[in-house]
Structures are given as C-alpha cells and as structure tokens.
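Turn these sequences into a full structure, and let the hints steer you where they fit.
So the chains spell out like this:
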Amino acid sequence: MVYSSELLKGSVDTILLSLIAENPVYGYQIVRELEKKSQGYFVFKEGTLYPALRRLERKRLVISKWEDLQSGRKRRYYYITDQGSKFLKDKKAEWQGFSLAINLIAGLP
Amino acid sequence: MIADSWIERIRGLLELSSSQKEEVLCELSTHLEEEVEELERGGLSGEEASIKVVEALGSTEEIARELNQVYAHGSDKEAILASLPYFLSFLLFSLGLEENMGALIFAGGTVIVAVLVGRTARPPWVLTWMGYSFVLLFALGFLLWDIIFPLALAYGLLVISLFITKVISVVREDSYLIPLISVPPLIFGEWFLEGTPEFKPLTVLGFLALAVLCSIFIMGGRRAKLIVCLTQIFVLSLILGSVGTAGLWALPAITMACLVLREARVEQH
Numbered sequence: 000m001v002y003s004s005e006l007l008k009g010s011v012d013t014i015l016l017s018l019i020a021e022n023p024v025y026g027y028q029i030v031r032e033l034e035k036k037s038q039g040y041f042v043f044k045e046g047t048l049y050p051a052l053r054r055l056e057r058k059r060l061v062i063s064k065w066e067d068l069q070s071g072r073k074r075r076y077y078y079i080t081d082q083g084s085k086f087l088k089d090k091k092a093e094w095q096g097f098s099l100a101i102n103l104i105a106g107l108p
Numbered sequence: 000m001i002a003d004s005w006i007e008r009i010r011g012l013l014e015l016s017s018s019q020k021e022e023v024l025c026e027l028s029t030h031l032e033e034e035v036e037e038l039e040r041g042g043l044s045g046e047e048a049s050i051k052v053v054e055a056l057g058s059t060e061e062i063a064r065e066l067n068q069v070y071a072h073g074s075d076k077e078a079i080l081a082s083l084p085y086f087l088s089f090l091l092f093s094l095g096l097e098e099n100m101g102a103l104i105f106a107g108g109t110v111i112v113a114v115l116v117g118r119t120a121r122p123p124w125v126l127t128w129m130g131y132s133f134v135l136l137f138a139l140g141f142l143l144w145d146i147i148f149p150l151a152l153a154y155g156l157l158v159i160s161l162f163i164t165k166v167i168s169v170v171r172e173d174s175y176l177i178p179l180i181s182v183p184p185l186i187f188g189e190w191f192l193e194g195t196p197e198f199k200p201l202t203v204l205g206f207l208a209l210a211v212l213c214s215i216f217i218m219g220g221r222r223a224k225l226i227v228c229l230t231q232i233f234v235l236s237l238i239l240g241s242v243g244t245a246g247l248w249a250l251p252a253i254t255m256a257c258l259v260l261r262e263a264r265v266e267q268h
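Those protein sequence lines, which keep their order, are chains A and B.
The numbering of the first sequence is numbering that gives the first Met the number 0, which starts it at 0 and goes up by one.
The numbering of the second sequence is numbering that gives the first Met the number 0, which starts it at 0 and goes up by one.
A few of these clues could be false.
As the list claims (entries may be wrong) - Facing chain A, according to a computed beta carbon distance under 8 Å, are these residues of chain B, among others: (1) S4; (2) V23; (3) C25; (4) L27; (5) E32; (6) E34; (7) A55; (8) L56; (9) G57; (10) E60; (11) E61; (12) I62; (13) V69; (14) S74; (15) D75; (16) S93.
As the list claims (entries may be wrong) - List time: in silico SDA-like cross-link candidates among lysine to any residue, alpha-carbon distance up to 25 Å: (17) A:K73 / B:Q19; (18) A:K44 / B:E172; (19) A:K44 / A:Q69; (20) A:K44 / B:V116; (21) B:K51 / A:K64; (22) A:K44 / B:L12; (23) A:K35 / B:E33; (24) A:K58 / B:E172; (25) A:K58 / B:R222; (26) A:K73 / B:R222; (27) A:K58 / B:V116; (28) A:K64 / B:R222; (29) A:K44 / B:N67.
Stated by the list, open to error - Facing chain B, a subset of chain A residues (Cβ under 7 Å, in silico): (30) P23; (31) Y27; (32) K44; (33) E45; (34) G46; (35) P50; (36) R54; (37) R74; (38) R75; (39) K88; (40) K90.
Source of the hints: derived by calculation from the structure; they are not laboratory data.
The model shown is predicted, which means the values in this text are computed figures rather than measured ones.
Idealized CB from N, CA, C, for every residue including glycine.
Printed below as a string of structure tokens:
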C-alpha cells in the first residue's frame, strides 16, 4: 500500500509522541518499534527521524537525556513531557474525528 | 569505513555550534553502530551491513539541511530572554533610573542569571546576560580606578583577559553568537571611557532597537542572522556616535571579523 508523503509528514509528531508516551525510547528503538507496530507499513529514511525529534524537543513536547552504555557508547533517550501528553491527547481526538468523518463520507467500514 | 565517511559527510554539512554538532553526530553514530551490529548478527558482513544501514538512514544532504533548519531558529521564549537586558536598559534610561538602585539590582541580576544558567547549560540567550555581567565587572574597575590605582589596573587586566577567554570560547562554539556577548560591553565601555556622559534620546532608542534586533537574531535563520549583524553595526554606530567616538572603529571590525570567521568555517567544511 502506498501513502502520500504529505499525509505522513502531517502525522509525524503524533506517531513519534505515541511511541515515546509508552516508554522512554532512543532513536534506533523508535525505528524498530515503528516498523513493528505499523507491521512494516511505514517506511521512511531513518535519518530524517532526528530532525523530527529535535523539533519535538524545541516545542517542549519531549525532553531527552543521555545515558552511558557499558559498551562506551552514549544513547539519547526521549521522554514525553506534560505538554507533550496533552498535545498527543488533542491530536488523537482530532484524528479520531477526522478519520471517522472520512470513513463516513467514503463509505468505508 | 563506509559508516565513518557517512558521519564525516554529515559533519561537513552541519552548520551548528560545536557542542550541538557533537551531540547530533554522537546520536547518529550510535544508531548506525547498533543497526550494523544487529545486521551482522543476522549474518551480513560488516561492509554489507554498513551499506544497508547508510542506505536506510538516507541522504546526508537532506538530514543536514533539516537539522540546520531546526537549530537555526530559536524559540520565542529564547528570543525574549536574550533581548530582555536591552529592553530593561531602555526602560532604565528612558525613565532616568540609570543612576538609581534599580540599575544596581538589574546589574546584579544579570550576573546571577549569567552564572546560574551559564554554569550548567549555555543556551545562546544567556550570552546577552553574560555581556551585561562584564559591564558590571568593568564598572567596578572604573570605581576602583579613583581609589586604588594599581589594584584597579590588575583588576582591569584580569577582567579583560576573562572577557577575551569567554569570547574565544564563543568563537569556538559558534562565531555568529559573538555580537550577543560583545555588544553590551562595547556600548557601556564607551560610556565609562567618556566619563559617563548623559545618554541621549537616540541612544536610549538604540537599546529598544537592539532588543528587537536581538529577538530577530535568535528566532531568525542563517540569512536573518547575517542581516541582523549588519543592522547592529548601524545601530551601534549611532549609539556610540551619540556617546563618544572611540568605540566607532571597534564594533564594525569585531562584527565583521565574526562574520568572516563564521563564513570561513562553513567554507572549510
């Protein structure tokens, strides 16, 4: 199934916040989780995830914390903020109403 | 090797401060290494895994362009915080409170903010407050001048070297940010050198103009920052020209040097 890149672009914040809201996650984990949860539906260039995460951080919807790993690497974990939780709640309600209306108009179940 | 060159390509394309750049690259490197390791566990060779991961990450140009855009624009809150000292200066001078207790509280407040915020993190907006803190440090030197001359001389040299060290660290971080820290000492240094003459209406309005320019500087992208730097030269020339003349040569020279340094650094990459 092919989807418009514009449709994905408009939903990136909601998708990322939904994943981060469940548990604190790091970049690579987000890619894997997204692939798993969407059952391979969402395919995108992984590197573009990071500008999107920075934008969320700038909007104070998420915060990030570095964690040192035993391997000597550092991972940046993302946590949702109260503002982010509220934003996500509003976006989910908006999406629910929107998709319901589209389904009704298009005669979809 | 493939992964390393991908990271180096991104490094060359990022127009960020050195600390921001290191954070971005560290995050991308961890992603890259972890994904390569996972693919290797799945049976791919190191080179095959690297090629696959680099493909999955995507175009270095696109990622760098998006990251540059995100980092170039400060938030409205940051813009307000950066321009607040200029706005408070405008209020102090327009209300004639510059030799009042309010001025002292304001000056002390800038030092507290600069030390508290600058010690832990250093968001660009705090540089204006640091610039104002140096104004207070310089002012103390001028007070000492009349009382204990040798001590004032030693103190002055210490503050100047501290200021130069701070400016060098800002150049290393991102030379575009130099006007934020250097403009306040330039204005007030001129004021002290001229024996604290009265600020004229044009000078007072200059503070308001600098507050606005500072906000645009923080919120604007790369092009806006260039335009603001050049406009600042004009506004400061007016301010310094209305106070005295000694600072006139210094400001354009410093600002232009910052721009040249910045441009040279970008071209180098």
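Checking against the hints above, which ones are violated?
-> Hints 1, 10, 15, 16, 18, 19, 20, 21, 26, 28, 30, 39 and 40 are the ones this structure does not satisfy, whereas the remaining hints hold.
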